[in-house]
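Produce the complete structure using the sequences and hints provided.
If you read the protein sequences in the order shown, they are chains C and F.
Residue numbers for the first sequence follow numbering that gives the first Met the number 0, beginning at 0 and rising by one.
Residue numbers for the second sequence follow numbering that gives the first Met the number 0, beginning at 0 and rising by one.
These aren't lab readings, by the way, just hints derived from the structure by calculation.
Ideal Cβ positions, reconstructed from N, Cα and C, are used throughout, including at glycine.
Treat the hints with care, since some could be wrong.
[Said to hold, decoys possible] Here's a subset of chain F near chain C, in silico, CB distances under 10 Å, partners left out:
| # | residue |
| --- | --- |
| 1 | Ser28 |
| 2 | His55 |
| 3 | Asp91 |
| 4 | Val98 |
| 5 | Ser125 |
| 6 | Tyr126 |
| 7 | Phe140 |
| 8 | Phe160 |
| 9 | Arg174 |
| 10 | Ile176 |
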Amino acid sequence: MALIKHNNNSISNVTSFAQIPSGTPILISTQTASGSASISFTGIDSTYDVYQFEFINIHPATNSAYFQVNLSIDNGSNYNVTKTTTYFHAYHNEAGDDSALEYDAARDLAQSTSYQDISYQTGNDNDQSASGTLQLFNPSSTTFVKHFITNINSYSDVSGTDYTINTYVGGYGNTTSAVDAIQFKMSSGNIDAGIIKMYGIK
Amino acid sequence: MALTKLNNISVEDVTSIPVTLGDMTLVSSTTASSSASITFTLADYKEYQFYFVNIHAATSGAEYQFNLSIDSGSNYNVAKTSTAFESYHMEDDSGSGLVYQGNADLAQGTGDQQLFRNLNTANDCSYSGSLKLFNPSSDTFVKHYIARGNGFNTTPLSDDFNVAGYANTTSAVDRIIFRMSSGNIDAGKILMYGIN
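Okay, structure coming up:
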């Protein structure tokens, strides 16, 4: 019986399979927070059309902090890309007596280089965290601004009351320079724990 | 050196590979170049996900939209009922809000479903987002869809546009078309993934 080799010398060294569809989303990197001031992904390039980040149980060290994002055009030396964004959320407290869908003009950005909030007052009790996703489109383009959309649900502590808060942020990094790095942090204190996965889609 | 077997008797017989590949398959990818429309043929995936990367209109103020066919593309006119809302914010901070967009929803309409309104044609402006279409080949259920994207409006603002609805047919949907309300799709890329 002939052994079918897959472009490499042995099976244990196989790094790619020609017959696997190349369009499958690829897990590029996973980072796990542990008392982290921030988590950055550098080396973003033109390999993928869409970069998708999955946030799994982002747990702040400081109660009621906001999970935030910013972009870089100098491979992480500075995270200060100008952004215009929108921010709205649906919320509901555990007592069931406060709920709404509302735009939050205090959390959006208008041509600002500040970090963008993408969760709302995430609690730091042991069972509290934020989870969701961010999609960044064609970051390496030198023609277009850089659109991104996020959706994160947070178990939040708002003035001592527990809420579920489903936050939607959309916007663009208003630059035609290539975005090559992205950073996540809390508005106050460290990211105590949590996992961030970066996928590439093309 | 030990031979690493892959759950099967031999390499010849491998039918699955124990590494994470996800369950999405890239079915097709098309890059627009002054295209009047872009169409995709649908088969029997349980869900399709379309990614729109920097869709750039040729005509200022055009709407980016889609429609569906149940007759292999002879007609794109499936009845649809949908909702639409948007979150917007002006670059000069002079206005922002979350509003229902009654000009983009449909009530059993057979016309195109808008995915974004009033596209800006400046060189750095475009629309990017995604559309999920569920089980289009079903002959039992209506065909649900959900879309969300961010674009650059004719006025300088960020616009987070959200659309959801269903094609009200129990016939199999076998084609989808993307086009502008006016003029061509000047540039942009559409990726179509299938999920089972």
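Worksheet item: Can you name, in rising order, the numbers of the hints this structure does not satisfy?
Response: 7, 9, 10
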